[in-house]
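Visitor: Residue numbers (the numbering used here), protein chains in the order written: chain B, 258 to 677; chain F, 258 to 677.
Each hint should be verified, as a subset may be incorrect.
A pair holds if it fits inside one copy or across any two, identical chains being indistinguishable in the list.
When the alpha-carbon atoms are kept at most 27 Å apart in a straight line, the in silico BS3-like pairs for lysine-lysine are as follows [stated by the list, open to error]:
(1) K507 to K347
(2) K661 to K436
(3) K339 to K670
(4) K586 to K386
(5) K341 to K546
(6) K507 to K546
(7) K347 to K493
(8) K436 to K586
Derived from the structure by calculation, the hints contain no laboratory data.
Number of protein chains: 2
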Amino acid sequence: MAVRNAFYAQSGGVTSVINASACGLIEAARSRPDRMGKVFAGRNGIIGALQEDLIDTSLESDAAIAALRHTPSGAFGSCRYKLKDLETHKAQYERLIEVFRAHDIGYFFYNGGGDSADTCLKVSQLAEKMGYPIQAIHIPKTVDNDLPITDCCPGFGSVAKYIATSVREASFDVASMSKTSTKLFVIEVMGRHAGWIAAAGGLASSEDCDLPILILFPEVPFEEEKFLAKVDETIKRHGYCSVVVSEGVKDGAGKFLSDQGLKDAFGHAQLGGVAPVIANLCREKLGYKYHWAVADYLQRAARHIASRTDVEQAYAVGRAALEFALAGKNSVMPAIIRKADDPYTWEIGSAALSEVANVEKMMPADFISEDGFGITEKCRRYLLPLIGGEDYPPYRNGLPDYVKLANVAVPRKLSGDFQI
Amino acid sequence: MAVRNAFYAQSGGVTSVINASACGLIEAARSRPDRMGKVFAGRNGIIGALQEDLIDTSLESDAAIAALRHTPSGAFGSCRYKLKDLETHKAQYERLIEVFRAHDIGYFFYNGGGDSADTCLKVSQLAEKMGYPIQAIHIPKTVDNDLPITDCCPGFGSVAKYIATSVREASFDVASMSKTSTKLFVIEVMGRHAGWIAAAGGLASSEDCDLPILILFPEVPFEEEKFLAKVDETIKRHGYCSVVVSEGVKDGAGKFLSDQGLKDAFGHAQLGGVAPVIANLCREKLGYKYHWAVADYLQRAARHIASRTDVEQAYAVGRAALEFALAGKNSVMPAIIRKADDPYTWEIGSAALSEVANVEKMMPADFISEDGFGITEKCRRYLLPLIGGEDYPPYRNGLPDYVKLANVAVPRKLSGDFQI
Chain B
258 MAVRNAFYAQ
268 SGGVTSVINA
278 SACGLIEAAR
288 SRPDRMGKVF
298 AGRNGIIGAL
308 QEDLIDTSLE
318 SDAAIAALRH
328 TPSGAFGSCR
338 YKLKDLETHK
348 AQYERLIEVF
358 RAHDIGYFFY
368 NGGGDSADTC
378 LKVSQLAEKM
388 GYPIQAIHIP
398 KTVDNDLPIT
408 DCCPGFGSVA
418 KYIATSVREA
428 SFDVASMSKT
438 STKLFVIEVM
448 GRHAGWIAAA
458 GGLASSEDCD
468 LPILILFPEV
478 PFEEEKFLAK
488 VDETIKRHGY
498 CSVVVSEGVK
508 DGAGKFLSDQ
518 GLKDAFGHAQ
528 LGGVAPVIAN
538 LCREKLGYKY
548 HWAVADYLQR
558 AARHIASRTD
568 VEQAYAVGRA
578 ALEFALAGKN
588 SVMPAIIRKA
598 DDPYTWEIGS
608 AALSEVANVE
618 KMMPADFISE
628 DGFGITEKCR
638 RYLLPLIGGE
648 DYPPYRNGLP
658 DYVKLANVAV
668 PRKLSGDFQI
Chain F
258 MAVRNAFYAQ
268 SGGVTSVINA
278 SACGLIEAAR
288 SRPDRMGKVF
298 AGRNGIIGAL
308 QEDLIDTSLE
318 SDAAIAALRH
328 TPSGAFGSCR
338 YKLKDLETHK
348 AQYERLIEVF
358 RAHDIGYFFY
368 NGGGDSADTC
378 LKVSQLAEKM
388 GYPIQAIHIP
398 KTVDNDLPIT
408 DCCPGFGSVA
418 KYIATSVREA
428 SFDVASMSKT
438 STKLFVIEVM
448 GRHAGWIAAA
458 GGLASSEDCD
468 LPILILFPEV
478 PFEEEKFLAK
488 VDETIKRHGY
498 CSVVVSEGVK
508 DGAGKFLSDQ
518 GLKDAFGHAQ
528 LGGVAPVIAN
538 LCREKLGYKY
548 HWAVADYLQR
558 AARHIASRTD
568 VEQAYAVGRA
578 ALEFALAGKN
588 SVMPAIIRKA
598 DDPYTWEIGS
608 AALSEVANVE
618 KMMPADFISE
628 DGFGITEKCR
638 RYLLPLIGGE
648 DYPPYRNGLP
658 DYVKLANVAV
668 PRKLSGDFQI
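Looking at chain B on its own, in the form it has when it is part of the complex:
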């Protein structure tokens, strides 16, 4: 069998462990020089393929590739760029094939979320439709945890651990101050469509560490009176309260709360941020002194407090993708299959891309408590293993020692540019 090269690209919002998947894939490829040629990475994702801007990962040392396992972000650059459908935007696909052919690329590894799974599926269909043999494997990644079939998504567990830890720490802080000062702490977390990350905030409180935490899920329409009553009752009972609010929380009419909120002094700009809106509402209506935080990128980049489980799974799906390719598979995604909750065990299975693309996995209704402000025991059982274990990066001079790759370009073989 001829040894062909592989293309790998990172897609969409990056995570603290997407590079661990790259590490798994590249290390697995390096271990099989008899079967696998070079791994070329797209500079800034799929755009790198369209523009024939490929990175030669074979020029990176083994140590640099190994360091990807503990380095957050997308080491080769990512992009938000969705390929349109095959029929109406044929030029894009023809260009991909032109580039793949020029560099003898027989394997397409796409590391991303739902949109990327769809792109990956389309690329896998190129073989038939355009007569170019290529195997396309999708590697799951998304902090949103919304891919179907796989039990969880690499990237999510580490965000969950960061949020659960941060909410616990901030709650301890507020508790200390609540007698004379701050009584309410509001933290805004990611998750525009599904409340998985917000739910993780609920883990901050546990049987051995009870903390008063309320969650505002995107799945639960915001009811002002009910929420204010709950905050008031919680603070009256515990002396303080922490609120975890999803950026995607909406009112009864389906409008994002963040969209009705902040304007600058001139009244013309919408600045985003639902945490200050919620905090201010509580002060206006209940009179409580508050603090608020917006974690934003910090949560998905926080490799310093990654979940060991998450890192291991991210690495494993990267390795599995390579093995799937060598096994001749096409149009598939390595999926994480949960075998048991406690002690947690899992294995890698295989999901057909046709069943993954464009399907969004929402939080089950029975993961949210009856009053809508907390998580159920079932949710806790699901989430807890995903934040299990620590996997600290090495430090140098007090700071995490993250790797920056050389990212040397593969010499171009085609003439002409491709406009994206």
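Given the structure of chain B, go ahead and fit chain F onto it with the hints provided.
Guide: Just chain F now, kept in the frame of chain B:
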């Protein structure tokens, strides 16, 4: 010599290592039962003394006290409550003495910042003015790093490590996304008066990990045109840019930028938050897509990424306070004396409270780079040792295992309440 009891209170905003000072003090006291009686902690700080709401720390196990070393926040509760001066508010001081006398308290340990040092000094003067023998020792604590004489303040090093790490991580993230999406990341950090914490953001970039970071210090009046030009130039050169903005940054007229910023949709409320103001300015004027974060309490509660140096120093000043008391000292504060930068060595010295109280240590002008947007090598030499080393808390079920003390009240001996 008669064995008398001690009073310990936490004051002002808490930190991730103030409990390490409590741990040092209490462990030292337990090791000298021949000289030191019980340590009574004020519930919610000095208010606990005024209201005779004392916590009997002798009822906590050795393991629980040891766990304070890795637990953030104020385990006994803190407060924002400044004692007024001795002459006009004599009743407060008389009440303190009444409570101290009732519980045979001969030592007053006050763990806080500049205001607390002032209170501690006043209490130390009670002995002479009101005929009650008491030794008052101040234990330094403040994330603001603004106490004089001591080279640094316990609490600061861990915030600095958190901010430097977070800025590095978020910068890696933005770099990945910058080709098609976010090009600017803005993070707001604490420090209303001095830019120590903002300066720590500059550590994210180092010789071995160069990152484009701009800092907005409270010490440098904000000039919109100059700032926008710098952001534009930085993004044009590096493709992206991270901005660390102190909550205390002011315009040329001395007005806080955060005060001119956010209003809610009804225009009546000031919501705080300078990060969105800065981010929005850059979008309006330069057109860059941004993300912003406000770390707020997360930064000072982040025990999970505490600086080992900071933890050791916090513990050491707690122990030293007890030793100072046993040595008969009064009106003093253990201070951290730097012996060398690299390798970093330090020891505990003694500072007179009269020289500490009401003196704010600002950032030296030569710590800020000439253009006003960065730190100098001198600043870096000062800061780097303070974030040195890691000191991870134990984990349980994926979360830091922080201790909650029983905090059993000492039976009251006085009748009547004291209104604060």
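Visitor: Of the hints stated earlier, which fail here?
Guide: 1, 7 and 8
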